[in-house]
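A.B. asks: Knowing the structure of chain A, use the given hints to seat chains B and C on it.
The listed protein sequences derive, respectively, from chains A, B and C.
For the first sequence, our numbering gives the first residue as -17, with consecutive numbering after it.
For the second sequence, our numbering gives the first residue as 241, with consecutive numbering after it.
For the third sequence, our numbering gives the first residue as 5, with consecutive numbering after it.
Simulated from the structure, these hints should not be mistaken for lab results.
It is possible that some hints are incorrect.
[Stated by the list, open to error] Some but not every residue of chain A turned toward chain C, in silico, with C-beta under 8 Å: (1) Val157; (2) Ala164; (3) Gly168.
[Unchecked claim] Anything over 10 Å on all C-beta distances counts as not near chain C; from chain A, calculated: (4) Trp14; (5) Asn107; (6) Ala123; (7) Ser255; (8) Ala354.
The structure presented is a predicted model; accordingly, all values stated were derived computationally and were not measured.
C-beta: ideal position from N, C-alpha, C; glycine also.
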Amino acid sequence: MDAVLVVALLAPPLVGAALALLVRRAPQAAAWFNAVTMPVSAAAAAAIALRLAAGGAPVIVGNAWRLDALSALLALLVSVVATLAVWLGPGLDRRGETPGAEIRLHRIYANLFACTMLVAVSTSNLGVMWVAIEATTVTSALLIPVRRTKAALDASWKYLFIGSVGIALAFAGTVLAFVDYATTGGDLELALNWTTLRTAAPSLHPEVAQLAFVFLLVGFGTKAGLAPTHTWLPDAHSEAPAPLSAMMSGVLLAVALYAVARWKAIIDVAIGSAFTDTLLLVVGVATIVVGSASLLSQTQYKRVLAYSSIEHMGLACFGLALGRPGVFAALLHLTGHALAKSTAFLLSGRIYDRYRSGEIGTASGLLGTVPATAVLFAATVFALAGLPPFSLFLSEILIVQAAWRAGHAALTALVLVLILLAFASLVTHLQRVLFGEAGRDVSRGEPASVPLALLALPVALLAWIGVTLPEPLRMLLTHAAEVVRP
Amino acid sequence: MTVIVLAVTQCLFLMIAAPALVGYVRWLKARLQGRRGAGMFQPYRDLRKTLAKGMVIADTASWIFHMAPCVVVASTVAAAALVPVISANQAGDQLGDLFALMALLILGTIFLALGGLDPGTAFGGMGSSREMTVAALTEPTLAIAILSLALTAGSTSLGTITNTLLTTPSNAIGPGHALAFAAFLIAMLAETGRLPVDNPATHLELTMIHEAMILEYSGPYLALLEWAAALKLTLLLTLAANLFVPWGMATSDGAGALAVGLAAVLAKIAVLATLLAVLETRVAKLRLFRVPELLAMSFTLALLAATSSFFTR
Amino acid sequence: MDATFSRLTMTGASAMLLLALVVMWRHHVPAYVTAFRMQSVALAFVGAVVAWLGDVPELFLVAALILGLKGWIVPRILAGMEARRPGERELHPLVNTEMSLLISGGLAVAAYEISRPLAAVVSLPTRGGLPIALALILVSLFIVVSRRRVIAQIVGFLMLENGIALLALLGAYGVPLVVELGVFLDVLLGVLVMQALVPGIEEISAG
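Just chain A, same shape as in the assembly (with noise of 0.2 Å):
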């Protein structure tokens, strides 16, 4: 059973690239098969996450995989996402726009990316997920230059460098682990399974520990997007093409956050979570310093989008550094920008479609144009800035409540101040979007409806979620909250 959940889950999009790289001629059939199979994964990620909420064992296939409660959630996420993100990529739509060179190219690519997430979340062994996330920086630099500008290929450049370089640091303290791990004489073969290293963790040496996290959070955090090695992010987000910002900023920087979250379950057991807490919570709030401060002066929306990725990533990580209560609200934080920033990327897509330009001056007076995606969007960005009813809201409070009550006063402080300030920042851009006087040639009335029908789904899911947060996606959070932190 366990194994045939966990080939559900990454079969589909293994299928769906494999299909649009030997199909070469219906690119347009190929996207449909793999609109169709797609949810399949997401809904193999949902059993198994329902399993793990209530309170089942982990999904266990031989050594090499293993999915518990923390990789159920960051699984589930990636393929909803994932999901999203094949449902509104190119060649499906009836008007064929799309030259079938780039339909091909996407849906090869993309379903690459979204498989390579799945089994970065899923794997046991820590080195095939370091491997697993250095693959989805070489599959998803190719598909950023699709427009051939030399914008694009310049954000793209970047991405793929100083990904390279940061994943090369984290692969670096991974070893620094192994080798500590292999000092205490244990087993070689399966040395880099998360279970052995966290059962060998009392007996790593404390320095070494030390240097090695160090690595593991510089490495994994610049694919985080985390303070200083963040400078990729604004480029290559906005410059992408929409799907595949949606899963980039939704859930691969979740996937690397992740990563720390693993690394950092082994390293506490090893030295006590004082030395990691205070390294995430410097990082975390450095972060949110630089994505709220840079908010304000940016005249793109997508760029605008980026940055408060950029906020975001710095508030889960922040709250990885405060105890239980404090990954759990973290956690809560991933799953409701997830589902927030994916659909917030789809619709400036739509956007992007009908006013040919990215600036914010330029697309302005979007309630006149398209009224049903304004008002998705308007909802979206409400849900980033932290309003209620959305779950964004719900977990900025828990993460500023673990804040003071762990002890962080000022701390708590300068986080309200910035989150205030990335608020103001947000809804001034979203009003010059949403008003004003829309240029003569933009057509008004809106596109094909079933996709915006789709992507009011996670708008939805967001306010239910930030009203109620239901029981099981609680116990799940509770869970994988206890993964990180026993």
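C.D. replies: Below, chains B and C without anything else, positioned relative to chain A:
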């Protein structure tokens, strides 16, 4: 008694052999360039000729101008007394160690530079400023290169360093030793004014460093300075040979051991001098602003050697 | 036997570090590519020594892969990139040559200090080279951030990977084979993708 005799003999040997070494290098370069060469003992004839000539001293020269050759000669001879030449049982150890050697060398360099500045000519000042640029990087490199050996030996006295390496040759295998040797050789090229840092045969003002500083000197002063430069080259080559490749040096006071030691040092210096001549024939002089890059590289090598010695004691 | 093992691996590791310093010193891009190629050969040598004297047969395969991939294929790709669009020499890096070399020396000293706890816990005969591996990692990072030309930055990144592989070899006789193969694949794909992107972005001044 024999110790003192040995020490004096070693020093005298270096002093007398210095012009011959320079002559040998010049002769070999000439041969490699297809010329006949002036013979190995030509520098002696040059020195005799120069000593006999009269001196022309600028009106603007002060007492520093007169003192500089004396200080340069004195410091170089004193440094030569510290260098282990034939025997590893160094009497010179009681006179000074690595730091004294470095101090004496830099003393000579400073006074030479001052002597170049003193008459107030443009060439002299230019040569002095260039010399100090080069010396700022070579002196630390030489010191740290020898220091990396001293760290392994546990003492900065030169005799102890050579003795330690003689008794435990396995210390020489490994990166530290080779790195320090390479760094020492590069710094030595710069310190003694050889190619690719400075051309000893040039008199073009734009390319001179050492020649520019001694441009105003004539007669006996010039002879002293030329001889001091030859002595510096000899003592640095001997240091390179005996500190890094000490095998063949005498460890006892027997006549046989001393003879072997003498033959060994002559052979090693001859090999190094040959390599120097070949190098000078092959490379072109570096442009002046590239010289700090080369010297920074040698300094980094020395630093790496010392670091690895320090942490693997 | 242990002493020979230690000395051989330390010599190979030191050669790798010196070749990284060559990137600081020389200005020509072909020199960088040659330095990387030699460094990969040195890494393969260290891998072979560890395989032979440390009795870990699968490292022979790893050493062969290093030689083939990083010693031959990747330098050819890099040389091809440079030949297709020959750029200027790296005359004005963000940090000048002398300071780069001195900072590298300083980073090496820092690496010795940082790796003291690591060298204390590892009991393998190769532990003497661990500080050198860490120094190589730090120096490669410095190369990445201080060069202007993109291909010099790529060489720095590849040297960083070499340094981490050296760390794994010296610290624990290599990582499990699955991870090792994954790393190779990632490096190859990474370089291929970089090669595809570089021609369009050569005008960026800092990465």
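A.B. asks: Work down the list of hints and note, for each, if the structure agrees.
C.D. replies: A quick look at each hint next to the structure:
1. Given hint, A:Val157 at the interface with chain C, holds; its Cβ is 5 Å from that chain's nearest Cβ, closer than 8 Å.
2. Because the beta carbon of A:Ala164 sits about 4 Å from the nearest beta carbon in chain C, less than 8 Å, this interface hint is met.
3. With 8 Å as the threshold, the beta carbon of A:Gly168 stays out of range of chain C, its nearest partner Cβ sitting at about 11 Å, so the hint is violated.
4. Every beta carbon of chain C lies more than 10 Å from that of A:Trp14, the smallest distance being close to 29 Å; the non-interface claim holds.
5. The non-interface label for A:Asn107 is inconsistent with chain C: the shortest C-beta to C-beta separation is roughly 7 Å, within 10 Å.
6. The beta carbon of A:Ala123 is not kept farther than 10 Å from every beta carbon of chain C, the shortest such distance being approximately 6 Å.
7. With a least beta-carbon separation of about 20 Å from chain C, A:Ser255 lies farther than 10 Å from that chain, consistent with its non-interface assignment.
8. At roughly 38 Å from the closest C-beta of chain C, the C-beta of A:Ala354 stays outside 10 Å, upholding its exclusion from the interface.
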